[in-house]
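With the hints as extra help, turn the sequences into a complete structure.
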Amino acid sequence: MKVLVIPDVHLKPWMFEQAAVLMRAKQADRAVCLMDIPDDWGKEYDIALYGQTYDAAIDFAKEFPETAWCYGNHDLSYLWHRLESGYSSMAAYTVQRKLLDLRDALPESNPIRYVQKIDNVLFSHAGVLDYFAESVVPKAKYHDVEAVVAAINELGPNEMWNDASPIWLRPQHSNMRLYKPRKLLQIVGHTPMDMITKEGNLISCDVFSTYRDGKPIGTEEFLLLDTETWECSGVK
81 MKVLVIPDVH LKPWMFEQAA VLMRAKQADR AVCLMDIPDD WGKEYDIALY
131 GQTYDAAIDF AKEFPETAWC YGNHDLSYLW HRLESGYSSM AAYTVQRKLL
181 DLRDALPESN PIRYVQKIDN VLFSHAGVLD YFAESVVPKA KYHDVEAVVA
231 AINELGPNEM WNDASPIWLR PQHSNMRLYK PRKLLQIVGH TPMDMITKEG
281 NLISCDVFST YRDGKPIGTE EFLLLDTETW ECSGVK
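My numbering puts the first residue of the sequence shown at 81, with every later residue one more than the last.
It is worth saying that the hints were derived from the structure and are not from the lab.
Here are the simulated lysine-lysine pairs, DSSO-like style, with alpha carbons at most 30 Å apart: (1) LYS197 <-> LYS82; (2) LYS295 <-> LYS278; (3) LYS221 <-> LYS263.
None of the values given here were measured: they were computed from a predicted structure.
Shown next, in the form of structure tokens:
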């Protein structure tokens with residue numbers, strides 16, 4: 081299956097518009113969004129932009145209902161009332177309401193999750209550590225990837241709001257082993273990159289983030305991935 085990956089959004093509604101153009105052109109069979117839809121440098125008071133960005137996400141979800149959505153730390157900070165950098169108290173109500181609207185726009189069989197699995201590819205905002213997988217299932221179920229993913233997706237803020245979780249991990253800066261690296265490919269955002277980068281079984285694709293002055297950090301390309309062959313490329 082060919083998948084188009086929409087990485088960290090951070091108040092760029094045009095990302096969904098560009099992704100929709102690519103989907104309509106049949107560039108991919110399905111999309112995956114790694115979310116972090118709210119928050120960006122100096123935008124804490126631009127409540128209209130928060131609403132506009134979530135509305136763009138909701139429109140995309142309605143047009144492409146098979147899109148898989150992965151919670152980011154910035155999205156969850158508003159649901160769980162956990163303050164972090166970029167959090168806007170002025171936009172909190174808007175984010176909470178729009179996240180519920182996004183949930184309601186999705187088919188019941190396709191809810192927002194921390195981790196999404198397509199073939200032997202795991203999609204999450206930040207990555208799944210081997211250690212983290214071991215901690216959520218009995219030893220006998222460690223090799224059952226479906227069971228591990230299901231267990232992670234049942235967790236709450238007490239387990240997920242830490243640096244080793246799939247919403248906060250920085251695997252690019254760690255020598256810690258990812259879950260089943262010989263069997264699974266992992267696709268992550270969260271850590272800004274200057275280009276889509278593959279290291280081992282990890283592809284990092286947060287290439288739409290910006291510096292404080294608004295200058296792009298990365299190439300602003302969407303990852304296009306074949307989930308069966310693991311062949312990938314960037315597309316604008």
